[in-house]
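Listed below, chain by chain, are the residues.
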Amino acid sequence: MHAFANPTRFLSLARPLTGWLGWAGAVLALVGIIAGLTLTPRDYLQGETVRIMYIHVPAAWLGMAGWGGIAAASVAELVWRHPLAAIAARATAVPGAVFAAICLASGSIWGRPTWGTWWEWDGRLTSMLVLFFLYIAYIALADASADRGGGARVAAIFGLVGAINLPIIHFSVLWWRTLHQGQSIGFTGSTIAPSILWPLPLTTIGFTLLFTAIILMRMRMLLANAKLEARQRRMGGAA
Amino acid sequence: MKAKNQRLVLTLAALGALVAAALLAMSALRNQASFFYSPADALRDHVRPGQAIRLGGMVEKGSLVREPDGVTIDFRVTDGAASVAARYTGIVPDLFREGSGVVAEGRFVAPGTFVADTILAKHDEKYMPPQIAGSMHETKSLKP
Amino acid sequence: MIAGLIRRDARRGLRAAGLPVAFFLVAATLFPFAVGPDARLLASAGGGMLWLAALLAALLPIERLVAPDADAGVLDQLAMRGIADETVAAAKVAAHWLGFGPPLMIAALPGAALLGLDGATLGRLEAGLAIGTPALAALGVTVAALTVGLRGAGALAGLVVLPLAVPLLIFGAGALMPGDGQALKLLAATALLLTAGAPFAAGAALRALRE
Numbered sequence: 001m002h003a004f005a006n007p008t009r010f011l012s013l014a015r016p017l018t019g020w021l022g023w024a025g026a027v028l029a030l031v032g033i034i035a036g037l038t039l040t041p042r043d044y045l046q047g048e049t050v051r052i053m054y055i056h057v058p059a060a061w062l063g064m065a066g067w068g069g070i071a072a073a074s075v076a077e078l079v080w081r082h083p084l085a086a087i088a089a090r091a092t093a094v095p096g097a098v099f100a101a102i103c104l105a106s107g108s109i110w111g112r113p114t115w116g117t118w119w120e121w122d123g124r125l126t127s128m129l130v131l132f133f134l135y136i137a138y139i140a141l142a143d144a145s146a147d148r149g150g151g152a153r154v155a156a157i158f159g160l161v162g163a164i165n166l167p168i169i170h171f172s173v174l175w176w177r178t179l180h181q182g183q184s185i186g187f188t189g190s191t192i193a194p195s196i197l198w199p200l201p202l203t204t205i206g207f208t209l210l211f212t213a214i215i216l217m218r219m220r221m222l223l224a225n226a227k228l229e230a231r232q233r234r235m236g237g238a239a
Numbered sequence: 001m002k003a004k005n006q007r008l009v010l011t012l013a014a015l016g017a018l019v020a021a022a023l024l025a026m027s028a029l030r031n032q033a034s035f036f037y038s039p040a041d042a043l044r045d046h047v048r049p050g051q052a053i054r055l056g057g058m059v060e061k062g063s064l065v066r067e068p069d070g071v072t073i074d075f076r077v078t079d080g081a082a083s084v085a086a087r088y089t090g091i092v093p094d095l096f097r098e099g100s101g102v103v104a105e106g107r108f109v110a111p112g113t114f115v116a117d118t119i120l121a122k123h124d125e126k127y128m129p130p131q132i133a134g135s136m137h138e139t140k141s142l143k144p
Numbered sequence: 001m002i003a004g005l006i007r008r009d010a011r012r013g014l015r016a017a018g019l020p021v022a023f024f025l026v027a028a029t030l031f032p033f034a035v036g037p038d039a040r041l042l043a044s045a046g047g048g049m050l051w052l053a054a055l056l057a058a059l060l061p062i063e064r065l066v067a068p069d070a071d072a073g074v075l076d077q078l079a080m081r082g083i084a085d086e087t088v089a090a091a092k093v094a095a096h097w098l099g100f101g102p103p104l105m106i107a108a109l110p111g112a113a114l115l116g117l118d119g120a121t122l123g124r125l126e127a128g129l130a131i132g133t134p135a136l137a138a139l140g141v142t143v144a145a146l147t148v149g150l151r152g153a154g155a156l157a158g159l160v161v162l163p164l165a166v167p168l169l170i171f172g173a174g175a176l177m178p179g180d181g182q183a184l185k186l187l188a189a190t191a192l193l194l195t196a197g198a199p200f201a202a203g204a205a206l207r208a209l210r211e
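Residue numbers (this note's numbering), protein chains in the order written: chain A, 1 to 239; chain B, 1 to 144; chain C, 1 to 211.
Bound conformation, chain A alone:
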């Protein structure tokens, strides 16, 4: 666990990894999107609008996975006080919020032609919106408390509390009757025809790799900032 605790060691790994993951992710996502726009058939009911899926599903997954990552890093921070945990959580918050917003926006655009509405307050949509608000609150709280003693732990507590929302989002379509349809892809298979489905893993994996690269990039930035801050303080103290 503490093998990567050393920031130098982490950086020597993260620096090359950022580029590899970023490029691989961008290529995969691009191939998936082009394939989804040109090679797959229309849906029998929705027609062309079904292609929004290739953006919407990865965005929803990363919006939720981002908070999952924040929660995991929060545990690492609270239990083991892993020195990189707080930085990882802070680095994840902004891209997570962006993907949650993409999920909401693409869902809204998808909902208009299929359901006939931009927005409805059903269980799935509401809980996803709450996740977006939680991200905003987390970013504000983490930023405000970053330079205070015990600040990282404060953000970690909130990250853990907010994780209650994840199962609510996931099970909302099962627990309540919602406008949002049920789950298409489960462990046992999928209700999406293979000819429509196949680009989806490409964009999902692609965006996930891209997401990881962005997090690594942001972690490096936060580490560099902290280093700069420390040097500034030392110089100030010496002068």
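Derived by calculation from the structure, the hints in this document are not laboratory data. Note that beta-carbon positions come from the ideal geometry of N, C-alpha and C, so glycine has one too. Just to be clear, a hint being listed does not mean it is correct.
[To be verified] Here are the simulated SDA-like cross-link-like pairs (lysine to any residue), alpha carbons at most 20 Å apart as the crow flies:
#, chain 1, residue 1, chain 2, residue 2
1, B, K126, A, M217
2, B, K61, B, S100
3, A, K227, A, T8
4, B, K61, B, K4
5, B, K126, A, I192
6, B, K4, C, A27
7, B, K126, A, T49
8, A, K227, A, H82
9, A, K227, A, M217
10, B, K2, C, L30
11, B, K2, C, G82
12, B, K2, C, V74
13, B, K126, A, R218
14, B, K126, A, R148
15, B, K126, A, F187
16, B, K2, C, A79
17, B, K4, C, A155
18, B, K4, A, M217
19, B, K2, C, Q77
20, B, K2, C, R81
21, B, K126, A, P41
[Stated by the list, open to error] Derived, one-sided and incomplete: chain A residues facing chain C with beta-carbon distance under 7 Å:
#, residue
22, A146
23, I185
24, G189
Model the placement of chains B and C on the given structure of chain A, informed by the hints.
Okay, now just chains B and C, sitting in the frame of chain A:
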């Protein structure tokens, strides 16, 4: 009492509260916090005429009738157990069709007769190309 | 000693209860101006408006829940005497509710009259508030402990509380409709969850504060 014991007592109390919360939620889940009423629920719960609700179900096969004015439609919403007559004036979403899911926002004007202000189409979690759909796909019921 | 802490905090809360209560009533009287004086509209939407006003009123006391004790070193004293942070947090939740919940429920009576709610709806509103205000108090203490001493703590607290309070608002407002009490049960489940979790989250925050 030592700090450790205090924590233990609080943890036990919290676990008790969690169990109670789970029991309460399980006994309450299903109907409330639903996005819409099914026709059977609406008839069973005696939803008051005039109260704004959402009614969801399938558009009954063969029930869709367009009025002479061209923009008013009559149809029946069914959940397999009960069915309710509904009327709507306006433009419906593309996905609104017989045998497909619908959520209608509006109110009962009389028991069993619903007037919708808004029509939303609800589709299921299946996606497939048209040529497959033609031969095998038919939505039987809308999973609540 | 814990009882003393609760007594002191509750007394302090009651003395300062005028602020949230007055805010609650003022906010409630603003709604008719915002949506127009249509009595039927007010009667149907008034309960939800009162819930919203209660939620906003719950944000007001947050800044004075933990910060004064943290500044004065009271929290360090309590920790040194072997009182767990979780116990302190639980005591603070109980005390905050005593100083906040009942005054709010009393203020809901004139609030309901101003908005023209009927008696049955008022009853359901009061039942919902009785169940929901402990959870609001729990959220308030938790977020107070999280935001002690931060820049713009008040605005930050609002940003953090509101998404967490969404289920309370949904089920609280849902319980205003005549029904078979399902929404009230869900409200109770949510409130139990929040109230049970609060001492641990707030306690951990208090511990982080002392570092």
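Could you work out which earlier hints the structure fails to respect and list their numbers in ascending sequence?
Violated hints: 1, 4, 6, 10, 13, 14, 17, 18, 22, 23, 24; rest satisfied.
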